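Got chain P sorted already, so can you dock chain Y onto it with the hints?
The chain contents come next:
Protein chains: 2
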Amino acid sequence: MLKALAIDVGGTKIYNAVVDETGNIISEVEKHSTPKNYDDIIKTFKSVIEKFEDEVDVIAFSTCGAVNNNNTRIIGSTGNIAKEYPKTDFQSLSKKPVFLENDANCAAWAEFETGASKGYSNSVMLTLGTGVGGGIIAGGKLLKGKNGAAGEMHFKMRTDKHRKCTCGGWDCFEIYTSGTGLKLTGEELSNNPDITTYDIIEGKNNGDKLMTAIFERWQNDILAGLIGLANLFDPDLIVLSGSMAQFVDTDYLTREVNKEIVTTPLKVVKAALKNYSGMIGAALLAVRSLNGKS
Amino acid sequence: MLKALAIDVGGTKIYNAVVDETGNIISEVEKHSTPKNYDDIIKTFKSVIEKFEDEVDVIAFSTCGAVNNNNTRIIGSTGNIAKEYPKTDFQSLSKKPVFLENDANCAAWAEFETGASKGYSNSVMLTLGTGVGGGIIAGGKLLKGKNGAAGEMHFKMRTDKHRKCTCGGWDCFEIYTSGTGLKLTGEELSNNPDITTYDIIEGKNNGDKLMTAIFERWQNDILAGLIGLANLFDPDLIVLSGSMAQFVDTDYLTREVNKEIVTTPLKVVKAALKNYSGMIGAALLAVRSLNGKS
Chain P
484 MLKALAIDVG
494 GTKIYNAVVD
504 ETGNIISEVE
514 KHSTPKNYDD
524 IIKTFKSVIE
534 KFEDEVDVIA
544 FSTCGAVNNN
554 NTRIIGSTGN
564 IAKEYPKTDF
574 QSLSKKPVFL
584 ENDANCAAWA
594 EFETGASKGY
604 SNSVMLTLGT
614 GVGGGIIAGG
624 KLLKGKNGAA
634 GEMHFKMRTD
644 KHRKCTCGGW
654 DCFEIYTSGT
664 GLKLTGEELS
674 NNPDITTYDI
684 IEGKNNGDKL
694 MTAIFERWQN
704 DILAGLIGLA
714 NLFDPDLIVL
724 SGSMAQFVDT
734 DYLTREVNKE
744 IVTTPLKVVK
754 AALKNYSGMI
764 GAALLAVRSL
774 NGKS
Chain Y
484 MLKALAIDVG
494 GTKIYNAVVD
504 ETGNIISEVE
514 KHSTPKNYDD
524 IIKTFKSVIE
534 KFEDEVDVIA
544 FSTCGAVNNN
554 NTRIIGSTGN
564 IAKEYPKTDF
574 QSLSKKPVFL
584 ENDANCAAWA
594 EFETGASKGY
604 SNSVMLTLGT
614 GVGGGIIAGG
624 KLLKGKNGAA
634 GEMHFKMRTD
644 KHRKCTCGGW
654 DCFEIYTSGT
664 GLKLTGEELS
674 NNPDITTYDI
684 IEGKNNGDKL
694 MTAIFERWQN
704 DILAGLIGLA
714 NLFDPDLIVL
724 SGSMAQFVDT
734 DYLTREVNKE
744 IVTTPLKVVK
754 AALKNYSGMI
764 GAALLAVRSL
774 NGKS
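Protein chains in written order, with this note's numbering: chain P, 484 to 777; chain Y, 484 to 777.
The hints are simulated quantities; they were obtained by calculation from the structure and are not laboratory data. Note that the structure is predicted; figures quoted are calculated from it, not measured. Hints may be right or wrong, so weigh each one.
Intra- or inter-copy, both count: the list cannot distinguish identical chains.
[To be verified] Dumping the calculated DSS-like pairs for lysine-lysine here, alpha-carbon to alpha-carbon at most 25 Å:
| id | residue 1 | residue 2 |
| --- | --- | --- |
| 1 | Lys-644 | Lys-692 |
| 2 | Lys-750 | Lys-692 |
| 3 | Lys-624 | Lys-776 |
| 4 | Lys-526 | Lys-742 |
| 5 | Lys-666 | Lys-601 |
| 6 | Lys-514 | Lys-496 |
| 7 | Lys-496 | Lys-742 |
| 8 | Lys-570 | Lys-742 |
| 9 | Lys-570 | Lys-529 |
| 10 | Lys-534 | Lys-624 |
| 11 | Lys-753 | Lys-742 |
One chain only, chain P, in its complex shape:
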């Protein structure tokens, strides 16, 4: 059975584990803080790879940033590793084949092969966290676009330049529906700049009217985006993951989406896999690539 060393590179943490070709994690999961300095990030990669490369058939990175269609390079990224990341020759880090894919794409693929969207050829996965990531599976394949950057959830929720997005543009889905988005909606509706997502969720759970209204505005912004995605992709499922997904009412979203779309009925569900879906998806995709499938 083929095995991959899976390495999940996030803005704050790097995880690694050995994953077999069926998606099972077969080693202990190691966790490192993401170094601030890019040279130190590469050193972390190297030490992890040296330790495990003899045991595995392929090195599989799940990473922030867009990955090219050959799965060899990062073509763009954000945050502290932005500048150096696209220059890196990942294959030089190991004598085994090295495979890269975007983390949201990896998570979408893991859910497709072993999780919530198993058996469905068309799905949209959203990771609702500090930001919002997207991975789209169309006809049983990852939607990558011309350079591998497809699936960015930066489409506009309004056109009057109301809220600046982290991407530099205005009024993207991400800046309304992420955790950050919930806080900003809270600030707008409460006139309290110090409000936190915790205040909103707690207040809503305790029946506070204002906090409930803030939460519902946020959830209805998610709904508005899902309607558009359903009309564009006609998916079987929309899968929600990430730290903010736990607060969402998927029965409500399923019902309301299906009321308004012009395409065919779908379900909104929560992801089945937890924190390690990035590693699992990267490993499954890397093994698939070894086997010559795209």
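Leaving out everything else, chain Y in the frame of chain P:
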């Protein structure tokens, strides 16, 4: 060389012609008014098919409505043929194989094989007319979704229920960027319920300030949608066709889209083929299907 009888079914006109496997129209184009009565529509199909079926290898329909993934049936439609259309067994109309595809998908495919997006594997085509149609090519294939309904340009431009869309939902891209959308934007900004798209275009061409402002609002709504589509699909090209596309400044749209997207640079261009792209695309797809390619 394989040949198709191509039949393009629109809400007001039905066109037909014989098209060869390279996309050349090799007969005179016939034009019929679309009958009001569904039985008469079927009679028109039958008489056209009887006349030409012995000359061709396949019957290729380009039609309004969503077409299933087997290209055999309409799964949903709008307008006067809505109710009966999904019940129709199209194969019963001819002894030759019968193939159907949605008209915007056909137009997108015709541009991909022989027109503006030739040589590019990833493109989004928008038909800006009375309404707005969409056809998406991803990785060299039509994006169809689970039931063939993908590519509907009904994503929201705002979330405050400002303008009702023809689809029954609120504030879709279509109801801001179609010809109807231009008129509605004109009504809002001029307080004149009798304003026409002609008034707006003529006024803008003559330097009228208000008409120019209306036009620019409309064009910037198109821009806002294109930014979202570019971030979702990372396409090589966005192709604009339809009667309203002639008024749009594609250099402006290309420049402004590329300023704001997080994916990689693309071009916004006008379609190369004119009125017959539906027939040409249907014929090319039907021949492809005869040859066993999906």
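Each hint, compared with the structure:
Taking CA atoms no more than 25 Å apart as the test, Lys-644 paired with Lys-692 passes between copies only; the shortest distance there is 23 Å, against 28 Å inside one copy. For a Cα distance limit of 25 Å, the shortest separation of Lys-750 from Lys-692 qualifies neither inside one copy, at 29 Å, nor across copies, at 48 Å. Within a single copy, Lys-624 and Lys-776 get their C-alpha atoms as close as 10 Å, and across copies as close as 17 Å, so both meet the 25 Å cut-off. In this assembly of identical chains, the alpha carbons of Lys-526 and Lys-742 never lie at most 25 Å apart, being 52 Å within a copy and 35 Å across copies at closest.
In this homomeric assembly, Lys-666 and Lys-601 never come within 25 Å of each other (Cα to Cα): the closest approach is 33 Å inside a single copy and 46 Å across copies. In the homo-oligomer, the alpha carbons of Lys-514 and Lys-496 lie at most 25 Å apart inside one protomer (7 Å), although the nearest pairing across protomers, at 64 Å, exceeds that limit. With identical chains, the CA atoms of Lys-496 and Lys-742 are never at most 25 Å apart, being 40 Å at best within one copy and 31 Å at best between copies. Taking the closest pair of Cα atoms, Lys-570 and Lys-742 come within 25 Å of each other only across two copies (23 Å); inside a single copy the shortest separation is 47 Å, beyond that limit.
In this assembly of identical chains, Lys-570 and Lys-529 lie within 25 Å of each other by CA distance solely inside one copy; the values are 16 Å within and 62 Å between copies. When the C-alpha separation of Lys-534 and Lys-624 is checked against a cutoff of 25 Å, the pair qualifies neither within a copy, at 32 Å, nor between copies, at 42 Å. In this homomeric assembly, Lys-753 and Lys-742 come within 25 Å of each other (Cα to Cα) only inside a single copy, at 20 Å, whereas the closest approach across copies is 34 Å.
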